[in-house]
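Novice: Whole structure, please, built from the sequences with the hints as guidance.
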Amino acid sequence: MDLLRFDFNVLYLLELIGTFVFAISGIRLAAKKEMDLFGAAVIGFVTALGGGTTRDVILDSHPVAWIENPTFALLVLIAVPFTYIFRKYLIYMHRTFFIFDTIGIALFTISGMQKALDLGIHPGLAMGMGVISAVVGGVIRDILCNEIPLIFRKEIYAMACFTGALVYYWLQVAGSPTNVNYMITTAIIIGIRVISIRKNLSFPKMK
Amino acid sequence: MDLLRFDFNVLYLLELIGTFVFAISGIRLAAKKEMDLFGAAVIGFVTALGGGTTRDVILDSHPVAWIENPTFALLVLIAVPFTYIFRKYLIYMHRTFFIFDTIGIALFTISGMQKALDLGIHPGLAMGMGVISAVVGGVIRDILCNEIPLIFRKEIYAMACFTGALVYYWLQVAGSPTNVNYMITTAIIIGIRVISIRKNLSFPKMK
Amino acid sequence: MDLLRFDFNVLYLLELIGTFVFAISGIRLAAKKEMDLFGAAVIGFVTALGGGTTRDVILDSHPVAWIENPTFALLVLIAVPFTYIFRKYLIYMHRTFFIFDTIGIALFTISGMQKALDLGIHPGLAMGMGVISAVVGGVIRDILCNEIPLIFRKEIYAMACFTGALVYYWLQVAGSPTNVNYMITTAIIIGIRVISIRKNLSFPKMK
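So the protein sequences, as listed, match chains A, B and C.
Going by my numbering, the first sequence opens with residue 1, and the numbers climb by one from there.
Going by my numbering, the second sequence opens with residue 1, and the numbers climb by one from there.
Going by my numbering, the third sequence opens with residue 1, and the numbers climb by one from there.
Just so you know, the hints here were simulated from the structure itself, not pulled from any lab data.
Check the hints yourself; a few may be wrong.
With a cut-off of at most 25 Å between alpha-carbon atoms, the simulated DSS-like pairs for lysine-lysine come out as follows [what the hints assert, rightly or not]: (1) B/Lys33 - A/Lys33; (2) C/Lys33 - B/Lys33; (3) C/Lys33 - A/Lys199; (4) C/Lys88 - B/Lys33.
Specialist: Structural data, given as structure tokens:
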């Protein structure tokens, strides 16, 4: 009981952090594209909540997460002045953000996959749902800013999500405790992403 | 009873006008991009009905408005030859269209927000749903035409929608009659938009 | 009974072929855009399953087709190495692909329309749902690759879908057997598309 509660709080806290950091990444790109404050807020909103919304709509899991709990939308609203006020510091915090962003991706992968599994979806598709939760927000962000989505071009982090989702599922089937699964999966996703960027690895291109 | 009925008819009539004018705005952009008649019809359809569809899908409010009432889709079909036949006059009617377009936005904001409130959504999120109903159609239109959505760049009308939605909610909580609320809110949204364009106001840019 | 079963099998088989060919068309465009293997898989997935997903979400027909039957997602996964391995042959198979692609479009139009009719949707809107099933995947593919969707510019195949859907509905109302309807409708859609490309026909442009 106590463990479960701890568990819930940690997961929820990390989801809030992930939402906030995703929102900031959207707001920063919007600022770079010289959008106004409203545009920045919308891009932040879509980046942070687009993945979960897509997942919930496809799974028919209603109400959609951010409608059930307005805290998520509130966090995005707070992220706009936050990004504006701390814009000078945020530039130098690239490394810190990279870590938070990766944590956000890892968390969204796990929570999205778990939500799909709870609904009785086939594990292979549940993995896909986890990845959708983690990456669709960034894809819509890039489309709204008229760019080919970054994820298809330069990074292998979607592959990191898939690997993490696979490990998470194996651990769960093996009966490993949920808390341990979270930590191992998150560590794997972060590890793959950090190593791939350090070593400048990328996935082979088609053709 | 009579008042309610009058109310319904006015709201419905204005929604039909809004749908028609939104469709024309989509068809005109499609024509500018040298799309064929079919492409123009699709862009018109998406511009006019995309916002309401997104709102209904997120809120799980089924059947989606235009599936329940085929009149909306029919209006879009009529808008295609209408735009083609009157293309010479439509160029000179820029000011008239601007007014209708703004009325459409105001109406879609109010009706979208009211629909969300009726479903028991948190008022702050219901405001967001109103804005989604009003602006998503135009955003998809711009994406399909491969442009950065206009709304993020040049106009403050989304802000006008938000302000209108806020006033509408306050009036409703204060117990003001629905008809009066419609008129005041619509007037405020139109007022903000007209003034902002006249005075060439724009929202501060990020960064 | 036997006929129905035969019917189901043929329809299902053709849908599988359509899914596979659509996936390949997405993967090929992704390869041309120098995306990595993961990006290619995602684009393939979206091209093959995006239309049906949009239809099911708008119609609130849950679970979405590819979540109910994981075979569809599996086919997309198989299409990635298939396209990679046979890339040299696929270039010369342009004509074969064109035929399969057109069969896919015809089948998706019919099955999407039939699904909407089964849910009691107005026939005119059901036709629209058939076209959505057939073309939305390709539209999202083009948007993700940052191009103005092909369908709005160069081909009249959406018009072919509409014509096919209309004929299908007429035949059904006239009481013609389902198998015959499938064959006639598919033949009409393929015929219109082949002739329009041979004769270099295109729909009149707006303006």
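Novice: Next step is simple, just say for each hint if it's right about the structure.
Specialist: So, going through the hints one by one against the coordinates:
Restraint check for B/Lys33 and A/Lys33: the C-alpha separation of about 23 Å stays at or below 25 Å, so the hint holds. A hinted pair counts as satisfied when its Cα atoms are at most 25 Å apart, and C/Lys33 with B/Lys33 qualifies at roughly 23 Å. Annotation: proposed proximity of C/Lys33 to A/Lys199 holds, straight-line Cα distance about 24 Å (limit 25 Å). Between C/Lys88 and B/Lys33 the CA atoms are separated by roughly 35 Å; this puts the pair beyond 25 Å, and the hint is violated.
The earlier numbered hint that this structure contradicts is number 4, and it is the only one.
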